[in-house]
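Asks: What follows is each chain in one-letter form.
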Amino acid sequence: MDMAYLIETVIKVVVILLVFSALAGIGTYFERKILAFMQRRLGPTNVGPFGLLQVGADGIKLFTKEDIIPTNVVAPIFKIAPVITAATAFMAAAAIPFLPAFTVFGYEVHPIVADINIGILYVLGVMAVGLFGPLLGGMASANKFSLLSAARAAAVFISYEVVTGLSILAPIMMVGSLSLIDFNNYQIENGWILWSQPLAFILFWIAAFAETGRTPFHLIANDHEIIDGFGTEYSGMRWGLFFIGEYANMFFISFVIPIIFLGGFGDGSIFGALALFGKMAFFFFFFLWVRAAWPDVRPDQLMWLCWKVLMPLAVINVVITGFVMMF
Amino acid sequence: MEQFNNRNVADNGYFMVDIEDYPTDGWGKFKRIVQRTFRLELFVGLWVVMREMIKFDIHTISYPQEKMPIGPRYRAVHEMKRLWESDAERCIGCGLCEKICISDCIRMDTKIDEESRKEVTEYTINLGRCIFCGYCAEVCPELAITHGGEYENASDQREHFVDYDYMLTPIDVMKANAQKEFEGFGAITPHEDERVKKTPLSY
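Respectively, the protein sequence lines represent chains D and P.
All residue numbers in the first sequence are consecutive under the working numbering, ending with 327.
All residue numbers in the second sequence are consecutive under the working numbering, ending with 203.
Just so you know, these hints were derived from the structure itself, not from any lab.
Idealized CB from N, CA, C, for every residue including glycine.
Check before you lean on any hint, since a few could be wrong.
[Said to hold, decoys possible] Distance ranges between label pairs, derived from CB positions: (1) P:Glu41 / D:Trp195: 20 to 30 Å; (2) P:Gly28 / D:Phe285: 32 to 42 Å; (3) P:Lys29 / D:Leu52: 45 to 55 Å.
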């Protein structure tokens with residue numbers, strides 16, 4: 001293997017890890033502030049200017065808290081579960097092109113760790129592996145709330161993986177490739193996939209909420225029903241890893257949606273890169289917006305929505321796309 | 001007043017909310033779902049929270065820096081008042097407050113002084129026990145013990161005593177004519193009449 005390639009990849013991995021760990025922290029700040037403003041509160045104000053250093057205070061708290069392994073838990077699984085959530089969230093980032101290619105000191109940098117030809121499949125697959133975090137964490141804990149949460153996690157993820165996969169199938173048929181770079185290039189020539197596949201866009205967007213466990217489908221860890229679900233018995237940095245995983249997932253899915261449906265970073269100009277960040281920011285904001293406005297659904301409503309509404313729609317969408325492409 | 005005398009509520013702008021019958025068959029349920037989906041009901045909620053964010057009408061009070069004014073009827077830590085005429089203590093040591101205190105948190109000790117008047121030698125209130133019911137202030141024949149507005153009385157112990165000297169109006173405050181009278185249990189908040197609403201009891 002080429003040495004330069006190796007060094008470049010390692011640098012990219014480190015940069016992505018650092019940037020998105022920090023973003024996950026700042027994401028919690030934005031969530032608190034935006035939720036607070038929407039509910040006519042102020043949010044964090046005391047630590048640092050506008051409460052910006054609240055993230056640091058939370059980090060210090062999480063890192064220095066005692067790492068408690070309760071008596072009746074299955075210790076090895078209990079310990080590994082949060083790592084799965086955080087690790088898979090960051091692994092999924094490997095196939096996401098965050099920026100168009102640019103040149104630094106005469107060296108062309110592709111801001112994607114690995115442009116593999118199954119990019120979107122890899123991203124969704126690894127994100128789906130993240131389900132083992134809540135599932136194993138909940139089942140390894142020794143209380144009913146965690147167990148309920150694990151059962152719900154399994155149900156939610158299995159249902160919504162179907163919708164995610166089927167809704168993305170129609171754009172994949174049109175592009176004819178699974179690489180996210182190819183998705184981007186296809187949209188330079190043919191316009192945004194959003195205009196040709198609006199239904200797939202909406203379905204994928206809805207499924208993204210289940211994929212990240214955000215509010216309309218937050219029943220995996222619904223505070224008012226099952227305490228913190230799988231996180232009930234976790235403390236300190238292990239709980240923090242779940243948190244980082246959730247927020248990193250939100251950021252990555254907010255990148256994936258615009259790349260697949262909204263033209264990605266466009267033709268590679270600086271404007272395109274900024275536009276991608278703008279779109280990402282909107283989708284991240286929408287996660288928070290929805291959390292302020294909408295109630296959570298019950299597990300049975302969620303199943304109903306998935307299997308009786310979204311999945312048939314996705315299948316119909318795929319069939320129609322197939323017919324249109326054939327004739 | 002008239003609007004309360006007229007008890008025929010049906011003509012007063014009240015109307016029945018139009019609630020559709022709950023669908024029983026599959027087709028009805030399907031129609032309801034389609035209606036709800038394409039009427040974009042979810043976006044009403046999104047608009048409401050976005051509107052509140054844009055209006056930025058924040059209701060938070062940054063508590064240690066900002067404080068709400070509290071009403072004159074508020075019953076917080078007790079105060080001992082002085083007489084306006086002579087600046088002497090109002091308390092005559094009758095012991096009624098100690099007697100009536102239902103949580104038994106007032107303890108006082110008195111003696112006969114050289115002018116053969118009763119003088120308070122010890123007077124403590126255990127705020128850990130006090131339930132701030134206001135009986136002591138109500139029973140006091142001299143309006144000596146009253147409630148003040150000092151509500152920041154967090155303590156690191158359950159037993160938290162305040163004594164006579166702590167509660168007594170300082171003599172320099174008294175000289176400056178700055179002693180505040182407790183307006184009592186019937187007192188209303190200033191400008192309350194602007195906010196008060198008529199209730200059906202007004203007739």
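Asks: Each hint should be assessed against the structure and marked as holding or not.
Replies: Verification of the hints:
The hint said 20 to 30 Å for the Cβ distance between P:Glu41 and D:Trp195, and at roughly 25 Å that hint holds. Taken as a hint, the range 32 to 42 Å holds for the pair P:Gly28 and D:Phe285, whose Cβ atoms sit roughly 37 Å apart. For P:Lys29 and D:Leu52, the hinted distance range of 45 to 55 Å is satisfied, since their beta carbons lie about 49 Å from each other.
Consistency with the previously given hints is maintained throughout, with no hint failing.
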